[in-house]
Structures are given as structure tokens and as C-alpha cells.
Amino acid sequence: MGPVSTAAGPPKLIVSGLVKRFATKDGDTLALDGIDLEVAAGGFVSLVGTSGCGKSTLLNIVAGLDQPTAGTVTVDGDLVVGPGPDRGVVFQAYSLFPWRTVAENIAFGLECLKLRRAERNRRVAEMLSVVGLSEFAGRLPRELSGGMRQRVAIARALVGEPDVLLLDEPFGALDLQTRQSLHEFLRKVWLRTGATVLMVTHDVGEAVYLSERVVVLTRSPGTVSEIIDVPFGRTRGPAVRREQRFMAIEDEIDDLLRARRAS
Amino acid sequence: MTVPVDSVPAVDAAEPEAPAPPVAVAAPPGHRGRPLGTLGRIRGTLPLRWRLILGAVGMAGVIVLWIVAARATAGADTGVRVPTPAATWDALRELWSSGTLSADLAASGERMLYGYGISVLIGVVVGIAMGAFPAAEGTLEAPIGFLRYIPASALTPIMVLWLGVDEAPKITLIVVGTVFFNILMVADVARAVPRELIDAAATLGASRRRTVARVVIPHSLPGIVDVTRINLAAAWLMLVVAELLASDEGLAVRIVRSGRFLHFDTMFAVLVVFGVIGVVSDLALRGLRWLVAPWDR
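One line per chain: the protein sequences are D and B, in this order.
Just so we're aligned, residue 1 is where the first sequence starts under my numbering, counting upward by one.
Just so we're aligned, residue 264 is where the second sequence starts under my numbering, counting upward by one.
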């Protein structure tokens with residue numbers, strides 16, 4: 001029925017038979033049509049697709065920010081009915097609270113969990129050192145570069161130790177150099193925290209480099225066109241990007257996306 | 264406008280058909296583009312020095328006009344009469360030393376404090392509710408849209424019949440004259456909170472109440488201060504309408520009383536006081552905005 005899960009562990013996140021229909025003035029639009037998807041515990045799965053394929057809609061439904069027309073999302077067997085701290089989300093940009101310092105931004109979720117101040121401060125300090133921003137704890141977001149802001153956003157999403165980390169084109173607004181350094185950063189954080197990650201991106205190289213598995217979505221209606229397992233280990237480094245196999249996978253996905261656009 | 268690449272840039276556009284100079288002669292460098300300038304640049308930033316100079320010129324212009332008007336009407340017993348700035352200044356000092364001005368300021372200030380204070384309080388609570396919750400917006404938009412087009416000054420007779428001629432109708436008039444603008448403008452401010460911040464709070468586990476308290480209100484704070492600053496002018500307008508009802512003390516009362524005795528200098532002195540209060544409160548609220556929102560300076 002659903003796709004086979006990876007060897008990394010039992011499925012943590014299961015998306016099953018997901019349909020999303022939008023009412024538009026030209027009648028209903030089918031944005032997602034029967035999406036099945038699994039992410040293993042501690043796994044890293046990316047969704048790639050051309051713009052308008054509904055990949056962000058899919059992520060929003062998993063986050064609980066949007067309701068599916070049909071189908072279900074479960075985390076550890078529990079049905080997702082709305083947003084919650086068990087699923088941390090990193091948005092594309094500008095989602096930090098501009099009036100809060102870096103440390104206060106990271107603490108927001110811990111405040112919601114009603115943690116005591118001492119415990120909160122300890123976990124914020126720990127997370128600040130994980131993301132390498134300890135010396136910027138007292139800065140406001142506007143005093144940081146775009147890359148640093150996204151590191152804060154990732155720290156804020158992870159500090160509450162969510163079951164799943166959802167990334168919605170997290171590096172799309174950044175320049176190439178910053179993006180590549182954040183790739184290394186995200187890989188480090190992922191391996192260190194053991195988080196289960198589902199990422200949406202339109203950058204094929206990024207998806208292949210970071211993920212264990214890439215799900216290619218087609219547009220109108222959005223369906224899963226192909227699932228590609230990435231054969232590199234969890235401890236891969238930037239050098240893998242120059243390997244023949246890496247480029248072959250990139251080309252394969254590019255061809256899939258282009259073929260779908262042409263048809 | 265196509266000019267051959269090797270031709271010399273035109274030094275003087277008015278010069279008709281300048282003969283092409285020999286190729287060997289080195290031409291002086293020309294100019295490309297139109298300089299943007301400092302003072303004339305559209306939406307440019309004015310240097311502080313120029314800001315002060317131009318501000319002084321503007322104020323001096325008003326005073327010069329005033330002096331000219333005073334000269335022109337000097338000696339007239341009836342009709343248009345404008346007191347000189349000096350006479351106005353003397354009247355102002357007289358108002359101050361007799362204690363009249365401080366009593367008027369206290370009376371008007373108290374009415375403004377209660378009236379506008381209540382208006383801002385209601386405006387913030389209802390405005391945030393409307394901006395944050397579509398159900399509150401749906402319920403209140405139609406009635407408020409209707410009520411705000413009723414000129415508050417037209418309610419004066421009703422207020423007198425209901426509440427007498429004491430302080431209550433005056434304070435009520437200030438509230439009624441400003442509260443709907445405060446509500447609708449605060450609602451706009453609250454609606455401007457980015458969707459992503461609300462979503463981020465929800466995914467971090469914030470309840471609705473916490474999202475309003477920790478996201479909607481902090482983000483709206485500078486905007487709310489701006490709204491109170493803008494609508495303060497309407498509150499002064501309503502204060503004058505209210506004081507014309509019946510009062511012993513108050514800035515507007517002073518103008519009416521002085522008018523009966525044709526004391527133009529005193530009337531102008533009170534107008535100057537109104538202007539000064541306006542500028543001071545404007546600056547104070549700008550300062551408050553700067554203080555409450557260091558992130559949005």
C-alpha cells in the first residue's frame with residue numbers, strides 16, 4: 001500500500017491517501033491527489049517538485065496548519081489534527097519574532113511548554129551552543145545575517161525536542177555560499193539530535209545532498225511521481241557532490257521534473 | 264538620441280550641429296546622467312542641518328504672515344482684527360500669571376485624560392479582538408461601520424439630555440468621537456501581523472490566548488502608539504465641542520469668553536497654547552513609540 005520504509009527504523013511519520021482540493025473561481029482545483037509517504041524515525045526525506053506542485057501545501061498539512069480534504073497524517077500512530085510542538089517547523093524566512101532576542105526566540109516554545117525558567121535557560125544555552133550562536137544570544141533578529149536567522153529558526157524549532165522537524169524551503173532566500181554552509185550545519189544538527197526530518201525544496205542538489213530519500217512530486221494534480229533512495233551514507237561530506245553517482249541522481253530527478261513540466 | 268560611440272559627448276546641447284572635431288584631438292570629459300542633488304531629490308533624505316534650517320524658515324514664514332496680517336488690520340475697531348505676536352505674548356503671560364491658564368489646562372487635561380484614555384482602552388481591546396478573530400470582525404464590522412459615520416458632535420443634545428451638562432457628557436463626547444477610529448485602525452494594525460509569525464507560534468505550541476498576548480500584541484504595539492497619536496487630533500476637536508456645552512474652565516471656554524469681550528489677543532494666546540500642546544504630545548508619543556519598540560525604530 002504505502003511505500004516501504006527505510007532500514008533506519010520504523011515509520012515515524014505516515015501520510016496516507018492525502019487529497020487537497022481548493023475552491024477557486026474556476027471551480028475546484030485538485031492540489032494534492034492521493035499522496036502516500038513515510039518517514040522513518042531518524043530519517044531525512046525531501047520533497048522536490050516544480051512550483052505549484054503542492055509541496056508546501058503538503059508540508060502545511062503535516063504541520064497541522066492546513067486541513068486535508070481526504071486522507072490522514074499520523075505521527076507515531078497519532079492522528080494529526082492541528083499544529084503542535086511535536087512537529088517543529090522552519091519557514092522559508094521572516095518567521096522570527098522581531099521584538100525578541102535570539103535567546104528569547106529560541107525560548108518561545110519552552111515557555112509554551114510551561115518549563116521553569118532555570119530549565120528553559122539551560123536548554124536555550126545548550127541549543128545556542130549547538131547552533132554556534134552563543135555570543136549572539138542578546139541580539140535582535142534584524143541585527144543578524146539571513147543565514148544566522150535561519151540557524152535561530154532551526155534552533156527554535158528543535159529546542160522543544162519535537163518528534164519531527166519540518167522544513168519549508170528553509171534556505172531558499174539565502175545566497176549560495178550561505179546555503180552550502182547551512183547544509184553542513186543542518187547535517188550536523190540532524191546527526192547530533194537524531195531528528196526525523198521532512199524537507200520541502202526546489203533545489204534538487206540540496207535534496208540529494210541532505211536526504212536519505214527524495215520524493216519527486218508532479219503538478220496539477222500533485223502526485224508522487226517517483227521515490228529515489230540516495231545511496232550515500234549518513235556521514236557523507238561535501239566531496240560527494242562531485243561524485244559521478246551524485247550527479248547521475250541529480251540528472252535523473254531533473255529529467256523527471258522537466259518531463260512532467262513538458263507533458 | 265542615438266549617438267555614435269566614437270563621437271564626442273555634447274558639451275552644450277543648445278549648440279546647433281557642432282562640427283565633429285578631428286579624431287586626434289583629445290576631447291574634455293563630458294557628463295552622463297542627471298545629478299540627483301540633495302534638496303531636490305524625490306523621496307531623498309534631508310540632512311539634519313537642512314532640516315533645521317528649513318524648519319526655521321517655515322516657522323519664520325508663519326510669523327511674518329502673522330505680523331503682516333496684524334499690521335494690515337491695526338486700528339480697525341470691527342471686522343477682521345489680528346493681534347500682533349507681541350500682544351499675544353503679553354496676553355499669554357497675563358493668562359499664566361493670573362493662574363487662569365493652569366486652571367484651564369488642568370480642566371481640559373483631565374477631560375482629555377479620561378475621555379481619550381477610555382477611548383484608547385476600548386480601541387485597543389476591541390481592535391485587537393477584531394484584528395485577531397474573524398468572528399469578532401464579522402460581528403462588529405457592520406455596526407461600527409454604521410456608527411462611525413454619525414458625527415459625534417451631532418450627539419451633543421442627546422448627551423445633554425441623558426447626562427446633564429457636567430463632566431460626564433463631555434468625557435462621553437470625546438470617547439464617542441474617537442473610539443470608532445481607534446477600534447478600526449487598531450484592528451488594521453493587528454491584521455498586519457504576518458501570517459508566518461502566527462503559524463510559527465502555533466507550531467511551537469502556543470495557545471490562542473498566548474498567541475494574542477505574545478505575538479499579536481507585541482507586534483501591534485508600535486502601530487497602536489501611532490494610531491493613538493493620529494487620533495489625538497480628533498480628540499482635541501471633540502474636547503472643544505464638549506467644552507462649548509457649558510463649563511467654567513477649559514481652553515475652549517477661555518476662547519469663547521474672550522470672544523465676548525473682543526479680546527483677540529487672549530483668543531490667539533489660547534490658540535497658540537493648543538498648537539504647543541499638540542506638538543508636545545505628538546513628540547511625546549513619537550518618543551513612546553521609540554521606547555516601546557526598539558526592534559521597529
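To be clear, the hints were calculated from the coordinates, so they are not data collected in a lab.
Any given hint could turn out to be false.
Residues from chain D shown here face chain B by an in silico Cβ test under 8 Å; the list is partial [as the list claims (entries may be wrong)]:
| # | residue |
| --- | --- |
| 1 | 81 |
| 2 | 85 |
| 3 | 87 |
| 4 | 88 |
| 5 | 95 |
| 6 | 99 |
| 7 | 109 |
| 8 | 112 |
| 9 | 115 |
| 10 | 118 |
| 11 | 190 |
| 12 | 194 |
| 13 | 204 |
| 14 | 205 |
Cβ-Cβ distance ranges computed for the label pairs, FRET-style [to be verified]:
| # | chain 1 | residue 1 | chain 2 | residue 2 | range |
| --- | --- | --- | --- | --- | --- |
| 15 | B | 547 | D | 175 | 41 to 49 Å |
| 16 | D | 114 | B | 534 | 54 to 62 Å |
| 17 | D | 69 | B | 406 | 30 to 38 Å |
| 18 | D | 121 | B | 396 | 51 to 59 Å |
| 19 | D | 129 | B | 551 | 33 to 41 Å |
| 20 | D | 25 | B | 396 | 56 to 64 Å |
| 21 | D | 175 | B | 322 | 32 to 40 Å |
| 22 | B | 396 | D | 234 | 50 to 58 Å |
All of these numbers come straight from a predicted model, not from anything done at the bench.
We put the CB at the ideal spot given by N, CA and C, even for glycine.
Hint check:
Violation of the interface hint for residue 81 (chain D) is found here, the shortest Cβ-Cβ separation to chain B being roughly 13 Å, above the 8 Å cut-off. Annotation: interface hint on residue 85 (chain D) holds; nearest CB of chain B at approximately 3 Å, less than 8 Å. Proximity of residue 87 (chain D) to chain B holds as hinted, the smallest CB-CB distance being about 7 Å (cut-off 8 Å). Look at residue 88 (chain D): its Cβ gets to within about 7 Å of chain B, closer than 8 Å, so that hint holds up.
Using the Cβ-Cβ criterion of 8 Å, the hint placing residue 95 (chain D) at the interface with chain B is satisfied: the shortest such distance is roughly 4 Å. Below 8 Å, beta-carbon pairs count as interface contacts, and residue 99 (chain D) has one with chain B at about 4 Å; its hint therefore holds. Checking residue 109 (chain D) against chain B by beta carbon gives a least distance of about 4 Å; that is within 8 Å, so the hint holds. Given the 8 Å rule on beta carbons, the hint for residue 112 (chain D) holds: about 4 Å separates it from the nearest Cβ of chain B.
Nearest Cβ of chain B to the Cβ of residue 115 (chain D): about 11 Å, over the 8 Å cut. The hint is violated. For residue 118 (chain D), the interface hint is violated, since its Cβ never comes within 8 Å of a Cβ in chain B; the closest pair sits about 20 Å apart. Violation of the interface hint for residue 190 (chain D) is found here, the shortest Cβ-Cβ separation to chain B being roughly 18 Å, above the 8 Å cut-off. Nearest Cβ of chain B to the Cβ of residue 194 (chain D): about 20 Å, over the 8 Å cut. The hint is violated.
For residue 204 (chain D), the interface hint is violated, the least distance from its beta-carbon to any beta-carbon of chain B being 25 Å, above 8 Å. Taking 8 Å as the C-beta cut-off, the interface hint given for residue 205 (chain D) is violated, the closest approach to chain B being about 26 Å. Between residue 547 (chain B) and residue 175 (chain D), the C-beta spacing of about 43 Å keeps the proposed range 41 to 49 Å intact. A C-beta distance of roughly 57 Å is found between residue 114 (chain D) and residue 534 (chain B), which places it inside the suggested range of 54 to 62 Å.
Between residue 69 (chain D) and residue 406 (chain B) the C-beta distance comes to about 36 Å, which sits within the given range of 30 to 38 Å. For the hinted restraint 51 to 59 Å between residue 121 (chain D) and residue 396 (chain B), the CB-CB distance of approximately 34 Å leaves it violated. Remark: the range hint 33 to 41 Å for residue 129 (chain D) to residue 551 (chain B) is upheld by a beta-carbon distance near 38 Å. Between residue 25 (chain D) and residue 396 (chain B) the beta carbon distance is about 27 Å. The supplied range of 56 to 64 Å is therefore violated.
A hinted range of 32 to 40 Å is violated for the C-beta pair residue 175 (chain D) and residue 322 (chain B), which are about 49 Å apart. The hint said 50 to 58 Å for the Cβ distance between residue 396 (chain B) and residue 234 (chain D), and at roughly 46 Å that hint is violated.
Comparing the model with each numbered hint stated earlier shows that hints 1, 9, 10, 11, 12, 13, 14, 18, 20, 21, 22 do not hold.
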